[in-house]
Amino acid sequence: MWFELAHIWAALIAFAILAYVVLDGFDLGIGILYPLLRRGEERDTAMNTVAPVWDGNETWLVLGGGGLFAVFPLAYAVVMPALYPAVIAMLLALVFRGVAFEFRWRATRGRWIWDLSFFGGSLMAALSQGIILGALVQGIEVENRQYAGGNWDWLTPFSGLTAVALIWAYALLGACWLVMKTTGDLRDRARAMAWVAGGGTLVLVGLVSLATPFLNPAYLDRWFDRPNVFFTLWVPAAILGVAALFFHGMRRDRDALPFVAALGLFVLCFIGLGISFFPYIVPPSLTIIETAAPESSLWFLLAGALVLVPTILAYTAYAYWVFRGKIEPGEGYH
Amino acid sequence: MFDATALELARIQFAFTVSFHIIFPAFSIGLASYLAVLNGLHLVTGREVYLRLFDYWKIIFAVAFGMGVVSGITMSYQFGTNWSVFSDKTGPVLGPLMGYEVLSAFFLEAGFLGVMLFGRSKVGPKLHFLATFMVAIGTLGSAFWILSVNSWMQTPQGHGVNEAGQFIPLDWWAIVFNPSFPYRLVHMVLAAYLTTALVVAGVGGWHLLRDRADPAARRMFVMAMGMLVVVAPLQILAGDQHGLNTLTHQPAKVAAMEGHYDGHPEGGAPLILFGIPDDDAAEIRNVIEIPNLSSLILTHDLTSPLPGLKDFPEDQRPPAEIVFWSFRVMVGLGFAMLGLGIWGVVAWARGRIWQAPWLWRASMAMGPAGFVAVLAGWITTEVGRQPWTVYGELLTADSVSPLRLEAVSASLTAFVLVYFAVFGAGTFYILRLMSKPPEGGNPEPDMGPTRAEGITPGTVRGRHPQGET
Chain X
1 MWFELAHIWA
11 ALIAFAILAY
21 VVLDGFDLGI
31 GILYPLLRRG
41 EERDTAMNTV
51 APVWDGNETW
61 LVLGGGGLFA
71 VFPLAYAVVM
81 PALYPAVIAM
91 LLALVFRGVA
101 FEFRWRATRG
111 RWIWDLSFFG
121 GSLMAALSQG
131 IILGALVQGI
141 EVENRQYAGG
151 NWDWLTPFSG
161 LTAVALIWAY
171 ALLGACWLVM
181 KTTGDLRDRA
191 RAMAWVAGGG
201 TLVLVGLVSL
211 ATPFLNPAYL
221 DRWFDRPNVF
231 FTLWVPAAIL
241 GVAALFFHGM
251 RRDRDALPFV
261 AALGLFVLCF
271 IGLGISFFPY
281 IVPPSLTIIE
291 TAAPESSLWF
301 LLAGALVLVP
311 TILAYTAYAY
321 WVFRGKIEPG
331 EGYH
Chain W
1001 MFDATALELA
1011 RIQFAFTVSF
1021 HIIFPAFSIG
1031 LASYLAVLNG
1041 LHLVTGREVY
1051 LRLFDYWKII
1061 FAVAFGMGVV
1071 SGITMSYQFG
1081 TNWSVFSDKT
1091 GPVLGPLMGY
1101 EVLSAFFLEA
1111 GFLGVMLFGR
1121 SKVGPKLHFL
1131 ATFMVAIGTL
1141 GSAFWILSVN
1151 SWMQTPQGHG
1161 VNEAGQFIPL
1171 DWWAIVFNPS
1181 FPYRLVHMVL
1191 AAYLTTALVV
1201 AGVGGWHLLR
1211 DRADPAARRM
1221 FVMAMGMLVV
1231 VAPLQILAGD
1241 QHGLNTLTHQ
1251 PAKVAAMEGH
1261 YDGHPEGGAP
1271 LILFGIPDDD
1281 AAEIRNVIEI
1291 PNLSSLILTH
1301 DLTSPLPGLK
1311 DFPEDQRPPA
1321 EIVFWSFRVM
1331 VGLGFAMLGL
1341 GIWGVVAWAR
1351 GRIWQAPWLW
1361 RASMAMGPAG
1371 FVAVLAGWIT
1381 TEVGRQPWTV
1391 YGELLTADSV
1401 SPLRLEAVSA
1411 SLTAFVLVYF
1421 AVFGAGTFYI
1431 LRLMSKPPEG
1441 GNPEPDMGPT
1451 RAEGITPGTV
1461 RGRHPQGET
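For the protein sequence lines, the chains are X and W, in the order given.
Here the working numbering is used: the first residue of the first sequence is 1, the next is one more, and so on.
Here the working numbering is used: the first residue of the second sequence is 1001, the next is one more, and so on.
No wet-lab data here; the hints were simulated from the structure.
Zero decoy hints are in this set.
In silico SDA-like links for lysine to any residue, alpha-carbon gap of 25 angstroms or less:
1. W:1122 - X:57
2. W:1058 - X:323
3. W:1436 - X:109
4. W:1436 - X:112
5. W:1058 - X:115
6. W:1122 - X:324
7. W:1058 - X:331
8. W:1122 - X:314
9. W:1058 - X:108
10. W:1122 - X:313
11. X:326 - W:1127
12. W:1126 - X:310
13. W:1126 - X:317
14. W:1436 - X:330
15. W:1122 - X:315
16. W:1122 - X:330
17. W:1126 - X:331
18. W:1436 - X:332
19. W:1310 - W:1292
20. W:1058 - X:44
21. W:1058 - W:1426
22. W:1122 - X:332
23. W:1058 - W:1437
24. W:1310 - W:1282
25. W:1122 - X:322
26. W:1126 - X:324
27. W:1310 - W:1325
28. W:1436 - X:108
29. W:1436 - X:331
30. W:1126 - X:323
31. W:1122 - X:317
32. W:1436 - X:107
33. W:1058 - X:57
34. X:326 - X:242
These numbers come from a predicted model, not from an experiment.
Just chain X, with the same shape it has in the complex (with noise of 0.2 angstroms):
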């Protein structure tokens, strides 16, 4: 059967990754985009936007990892030794820019350490997370239900341009993000830098989509080969369609609807990579069912998954109702 209980597990798991990315996405691309805005009341009204819902966002990334290691145990046994510096180097960033949204309001000289930690831990999470997913797509080597490469292995020109093209993208994420939640200057400024993150994004994305089939033979077959190219060429003419959304939000001053088409761009990327990826999840090594647990493994975890993420949606929903609409500067608790 082409269709098991781990293909559902699957689609969990890249549905709590894909949520991660977007909203981990805007806030870490505030912290790329910091050095940019000014010091004092500008800087501080960035971070205020995210400050209520930013720990909620990560927590994506723990029931990812988590997840991973609970119903494709050997996907992750794998996974993390062979991108072992890439994600040791993530962890690291993100505790610089995790305790830089309480530390800053309680330095008083030292401020600007947490300003710069804030920076360089979001641009190096970025890093990472896009060098991680250039690693993946390339592909992984495994022997024994162990990882068989090299040390190196992840670091490629590949892995290089992925890493670049998500710096951009989560720079768009953020800027967007402010667009639709600042007034005045900061808003403007903001509307500035989403314009130029928004071409380098597309033409990044572009340039990854270009060299993705040619990493392996069966990622051409997938998006090329008849009838395949039928079902898969919407995506790209999707991509144009959220472009050109971002475009005319942002002409018209809209400024929820360029966030919204930043979002849909993520969301179509993803589905193309679940296009090359399936039937794997470490390719070209490991399937979703030869890596995923026993039965009664995923079973139980999914009868509370069931119940527990349409609660967590819920209530992660709520907590943005209460923080809507655009912020006014001085606002939070410090």
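Chain X is fixed; fit chain W onto it per the hints.
Showing chain W alone in chain X's frame:
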């Protein structure tokens, strides 16, 4: 300089990161409950002092919680990076438990944290209390699942093993509620409450020394003393019960804790108060002991036999040199906490708690004691489990990732540097927040002498309602 293997470095790295991490949950579990109580009391009584205390501790909580989150994310990925064979083998059993922690607890804390910290004016006092309550429930839920995971590694049951060498769940009820889980959960949650009570008492004592009329300082101090005197005896009881359970399931660990290299098959094992364990010689030197007391404490019977470390194969003995000491530190601090609580309650009953600067100073000295006791307790239980990751079933040496020495030593160095720098700064900020008194409010009328025989110089400088100012 060092002749270490990748395995040893991976173990040091795990011990280092988990020791740093445990500090924050130990504090935030207790503090989240304290915040919920303060918020609830303000809602019910309408008294301003509770809101002041809430706002004061809320900011300290936010800083500590942020550090707990980032160090916790590291933990969740470290299973994969450094212990990938362990992850592959135990994933089917432990993964879903951790999955439930994230889904039922971690999200709850993180989701309502924003409303708790920033949302009071937006959602009103009742929903704000609910958000605070949810954060507290979330921290306790995290403790539930993580302690279940740890307890299964100590006393595994309810599983089989498949052809790939993975542990396969057979009975989830038996896995979650494994034999040591209830004891461990109670012991840890009480430890978190004690840790927080000691910190609150220490901060209260500090501010009382400066201004003993400050109503917020008084309120937090008396609440903390009450908490200590209730929880410390419960903890001693829970620890005793946990010891009985450990003797049943992990007798080698108990032998290491007690410093018993030789068994006492005839019964009547003595309690070793002091001694210097030597694992290589398998003996303990310079012993001061009380006859039969070890048997009494561990089995509640003066003459029961007890096994010693020599009853186990040499390669299955935990290192007594560490466990013996960490256990004594934990127990000693536990009794000191009880003593402090009794002192506080006696002073209160005599009506002298606001003229007791030595009590306040003792509270400050004991402020960090909970953290030390928690760390010592975890060292006892985790080092005592060696050489196993899954007790009796999977060796630590067989759990490690296929990593190069350079990779692990580089990451270990990075973790040590970053953790000391970042969490050192965080500790500094927390201490600075604690050194400032809670703002606002009117001082309570002070019936005591304004200058208590020259031993409370702080009151002279402090605000005073009817004093000599």
